[in-house]
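Colleague: So the chains spell out like this:
Number of protein chains: 2
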Amino acid sequence: MKDQVIFRRAGMGDLPVLVGMLADDELGRKRENFTDPLPDSYTAAFEEIEQDGNNELVVAERDGRICGMIQLTFTPCLTYQGGWRCTVEGVRTASSERGKGLGTQMFEWAIARAKERGCHVIQLTTDNQRPDARRFYEKLGFKASHVGMKLHF
Amino acid sequence: MKDQVIFRRAGMGDLPVLVGMLADDELGRKRENFTDPLPDSYTAAFEEIEQDGNNELVVAERDGRICGMIQLTFTPCLTYQGGWRCTVEGVRTASSERGKGLGTQMFEWAIARAKERGCHVIQLTTDNQRPDARRFYEKLGFKASHVGMKLHF
Chain L
20 MKDQVIFRRA
30 GMGDLPVLVG
40 MLADDELGRK
50 RENFTDPLPD
60 SYTAAFEEIE
70 QDGNNELVVA
80 ERDGRICGMI
90 QLTFTPCLTY
100 QGGWRCTVEG
110 VRTASSERGK
120 GLGTQMFEWA
130 IARAKERGCH
140 VIQLTTDNQR
150 PDARRFYEKL
160 GFKASHVGMK
170 LHF
Chain R
20 MKDQVIFRRA
30 GMGDLPVLVG
40 MLADDELGRK
50 RENFTDPLPD
60 SYTAAFEEIE
70 QDGNNELVVA
80 ERDGRICGMI
90 QLTFTPCLTY
100 QGGWRCTVEG
110 VRTASSERGK
120 GLGTQMFEWA
130 IARAKERGCH
140 VIQLTTDNQR
150 PDARRFYEKL
160 GFKASHVGMK
170 LHF
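If you read the protein sequences in the order shown, they are chains L and R. Using the numbering used here, the letters of the first sequence map in sequence onto residues 20 to 172. Using the numbering used here, the letters of the second sequence map in sequence onto residues 20 to 172.
Honestly, I wouldn't trust all of these hints.
A pair counts as met if it fits within one copy or between any two copies, since identical chains are not told apart.
25 Å max Cα-Cα, derived DSS-like pairs, lysine-lysine [to be verified]:
(1) Lys158 with Lys119
(2) Lys162 with Lys134
(3) Lys162 with Lys49
(4) Lys158 with Lys134
(5) Lys49 with Lys169
(6) Lys162 with Lys119
It should be emphasised that the hints constitute simulated quantities derived from the structure, not laboratory data.
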């Protein structure tokens with residue numbers, strides 16, 4: 020159906036579009052290296068994600084074009100009586116899609132997928148430099164209950 | 020050597036001690052179910068962690084007794100040019116150990132392990148209800164750059 024968003028696992032052929040999306044972002048611009056051909060490090064990471072049964076890199080597609088991406092990591096933990104966690108990383112939507120409700124659709128999909136995988140929680144960290152993102156997640160029911168701490172090497 | 024802390028992968032036989040440690044905590048008390056025998060869900064989670072090459076559940080031992088625990092999850096991601104992340108969950112020290120520098124030793128070990136695994140960042144979220152923990156992580160070099168958002172089902 021036209022305008023309908025479908026979700027599917029990312030394939031290696033999607034990689035240039037995905038890296039382009041990561042680079043087309045205020046913070047991503049400084050971190051990524053969107054060249055043709057792509058640096059091998061992206062291909063290697065893609066292969067590692069694909070081989071890991073507890074990682075899923077998923078794209079949102081509208082009219083045959085990728086318009087969003089999200090990575091889910093499923094982690095078995097002893098806490099919460101041996102509960103599984105779903106951690107979300109690398110969420111991006113195409114700049115042309117903003118304000119069209121795609122982010123909400125992506126998270127509705129991700130929440131359903133986390134439940135399907137038996138997780139008791141879905142979690143993410145959002146940069147203090149993205150106040151709009153925090154409000155977006157709060158509308159979806161996320162609680163800002165934690166401080167997200169990072170140590171870069 | 021006496022009083023020296025060693026780090027090793029947790030074994031199934033450690034599970035009662037580990038769950039006891041998780042339950043001996045202000046927040047853990049409400050979440051865990053420390054019974055004998057342990058609920059099967061802990062055993063199942065332990066097996067899942069052990070089988071996952073990107074998860075390591077590690078114990079700290081002093082004089083042959085477990086005094087701390089930490090779980091590391093290594094995640095391949097496209098962001099940061101296909102960089103690996105190390106996410107820390109379920110950090111606990113035995114109540115008898117507090118104030119003896121064990122937490123610092125555990126994190127020095129974890130940071131070294133994350134580097135050894137090729138990660139560019141080590142990350143965790145700490146509950147807003149644990150202000151001392153935040154200061155502890157800041158002393159280790161972590162930056163409170165993110166908001167940690169959780170949605171429990």
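Colleague: Indicate, hint by hint, whether the structure satisfies it.
Modeller: Evaluated hints:
1. Lys158 with Lys119: within (15 Å within a copy, 42 Å between copies)
2. Lys162 with Lys134: Classified as within; 18 Å inside a copy, 31 Å across copies.
3. Lys162 with Lys49: between (29 Å within a copy, 19 Å between copies)
4. Lys158 with Lys134: within (19 Å within a copy, 36 Å between copies)
5. Lys49 with Lys169: Within one copy, since 17 Å is at most 25 Å while 27 Å is not.
6. Lys162 with Lys119: within (23 Å within a copy, 33 Å between copies)
The structure meets every hint from the earlier list without exception.
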